[in-house]
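Protein chains: 2
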Amino acid sequence: MNTIINPPKTDWLKILQRPTQTVEAIEETVNAIFDDVKLNGNDAVKRYTSIFDGVALNDLFVSNEEVIEAEKLVSNDLKAAIQLSKENIFKFHNAQKTKKVLIETTEGVACWQEKRSIQKVGLYIPGGTAPLFSSVLMLAIPAKIAGCREIILATPPNKKGKINPAIIYAAQQCGVTKIIKVGGIQAIAGLTFGTETIPKVYKIFGPGNQYVTVAKQLATKYGVAIDMPAGPSELLVVADETADASFVASDLLSQAEHGTDSQVILVANSMQILNEVAVEIEKQIENLSRKKIASKAIENSKLIYVETKEIALELINEYGPEHFIVCTNDNDFYVSGIENAGSVFIGNYTPESAGDYASGTNHTLPTNGYTKAYSGVNLDSFLKAISFQKISKKGIKNIGSAIEILAEAEGLDAHKNAVTLRLKSLE
Amino acid sequence: MNTIINPPKTDWLKILQRPTQTVEAIEETVNAIFDDVKLNGNDAVKRYTSIFDGVALNDLFVSNEEVIEAEKLVSNDLKAAIQLSKENIFKFHNAQKTKKVLIETTEGVACWQEKRSIQKVGLYIPGGTAPLFSSVLMLAIPAKIAGCREIILATPPNKKGKINPAIIYAAQQCGVTKIIKVGGIQAIAGLTFGTETIPKVYKIFGPGNQYVTVAKQLATKYGVAIDMPAGPSELLVVADETADASFVASDLLSQAEHGTDSQVILVANSMQILNEVAVEIEKQIENLSRKKIASKAIENSKLIYVETKEIALELINEYGPEHFIVCTNDNDFYVSGIENAGSVFIGNYTPESAGDYASGTNHTLPTNGYTKAYSGVNLDSFLKAISFQKISKKGIKNIGSAIEILAEAEGLDAHKNAVTLRLKSLE
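Protein chains in written order, with the numbering used here: chain A, 442 to 868; chain B, 442 to 868.
By construction, these hints were calculated from the structure, which means they are not laboratory data.
Because identical chains cannot be distinguished in the list, a pair is counted as satisfied if it fits within a single copy or across any two copies.
The list that follows gives simulated cross-link-like pairs (lysine-lysine, PhoX-like), each with its CA atoms no further than 20 Å apart:
#1 Lys450 <-> Lys641
#2 Lys540 <-> Lys556
#3 Lys641 <-> Lys455
#4 Lys831 <-> Lys532
#5 Lys556 <-> Lys538
#6 Lys541 <-> Lys556
#7 Lys455 <-> Lys479
#8 Lys865 <-> Lys834
The model shown is predicted, which means the values in this text are computed figures rather than measured ones.
The following block holds chain A by itself, in its conformation from the complex (with noise of 0.2 Å):
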């Protein structure tokens, strides 16, 4: 762990600093694999799956025999708390529907937005020692709500050529279409280009490895729009002397945990409270069954002090937190002035794994910096706002000489005889 005492702003950039990723060298084998499903469907995606996932599958699919298999091997404990965890995202995403919006911005010109769902979505979720069923709640059942048509999830199988039934029962609770045994970059290329049974996709959700990152980057230059660029997941608390500090090191711990790279930050305007959260996760770290991934992620861990509350959020909104949790004696004042975050968690009861699991909030957020311009992935991911408008023979009389004047200044003939025809035929 670092301490950093009362930092000058010219160093908040160094402080702040991520961890770099360098991705020139996977971009060709990313390159290469897209080439090759591009052109060879199906065999080259199962030729990669043989490779990197060490199985040789006949058919790509889940089938109704593993889906009705899956909900055997799910315990009636785990599927409660699935159940109550999909209430609740349910119940965020739902409210976050938007009516249409309509005005006459003139008498006679009516101009409307409606949002009309994604039709074909594609859902990454990635495979390795934890089953990311989480991420499945999270990502099919905004989709559902939106109304996408056809939701794909892609996942890669074990050396058996299974899928864990956790991620099975989930996605046949939440109304994903088709499950396909297929994970990495060939995943990836086969919901951009299609194959014979693996169908193209217009957009491509979920997280990630690096080789998932570059492969979803690689896809948005075929035309397949992405949730949002990935990086190492990271947590930044603001705590005073009213935090719990056994609280704050938990939180941090459960960060910490993601990977190495995770990234974990501290901010306190009290150095007691600073001083007791090191104690604890030193004491707290001790226990944990990913221990060693912790303490490496911990090493790379900054807790700094500074004076004022101002200072504090400034320095929040410089570096826009992933996870930002706010335990002081002033929440309002940051909860009213963070500028760039992707999912805050207000006071000592409201740990960040609740945003992660169960209290209704997506956890597919934006990394690196990215809460600067992103949103996470939200119901509005999943649909497009469309804009109409419909003029009356009096508003093309009240807007048509404008029209007139505009399309001329820039030099558009064609443009402003579409307005002067309509015109003369009302005269």
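Place chain B on chain A using the hints.
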């Protein structure tokens, strides 16, 4: 013009294909200029301005004197037309403001979503023959409503180092913070990295040629968001015998005059209107100042006859036009059924040029099939949605054990522990 009658569905993909753009050759140039600007700042920016725009600039910014001068140079007619346009754009985008979404997902678990502005945005306005001050209005007005703090406009200077007065005037009217006299790749690079005097921004908006498009794509690699990928402009009109053929022809031509690669498609349920429109196009095109450009685009245009409105709608959604004009005896059918479009124009008196200039809707729209996943620019393009959650003691008791079960099932101990500690403190 190519007239196509009842094309079989298997041919749709081919018929609706857009001209492909190759960007490989451009990428190298764009990369080199980005590296140079990153390293050498204003020196590099000025050097490329000298090379590409043929002018050596001392000061990259539009001065107060130039603002005052511009106001004198814009005619009163044009000022009044800009004012009308501005008011309508303001009204439509201001109506898009959303309220805080607040919901208690479980007793004691309050979740809400609030929007905060993107603090620093860059607006790119191309140079060339036509001074696109209308794009200034379309981008700066919603940026200002959203509350963006820095709104930086970049546009290339002419050989005398001047910016078109209408662009300066429009920028001034809409609250642009600074205008930089820089265009092309060097402008996007400057906004991406920041220089001694050009501010680094978080999101870049606006149209541009292939160089600018590739530069914007590259900017995303450096953590800057963009409004959307761009392609040549396009229009699809669906019409039957209730449409006015001369109006339809004038709309198709207004799109065709944009560029030789513009896309113009008529879908008709009536051979009569199709033939009438073809005749009208030949007639009207003769008098256009940009006849040469329009003729080239019209050469590649398509007049497609299909038998039913159901087939028409399916084909239109397959294409996903940027601009979509509906002139039939059942406009509601298309309005409710359209899934992929940027902006929709309804009825005989709603020319596309109304949306380009003055109805109030935005003209910065997805092209090239991106309507399937992207919205056009709207108020939300300048905002981020942030999630907040505040959990009471009662709330954590209600959802705590579900979080513990879910975290454990994903193998994330420390996530579980953050909840367990809190639950224990409440026993």
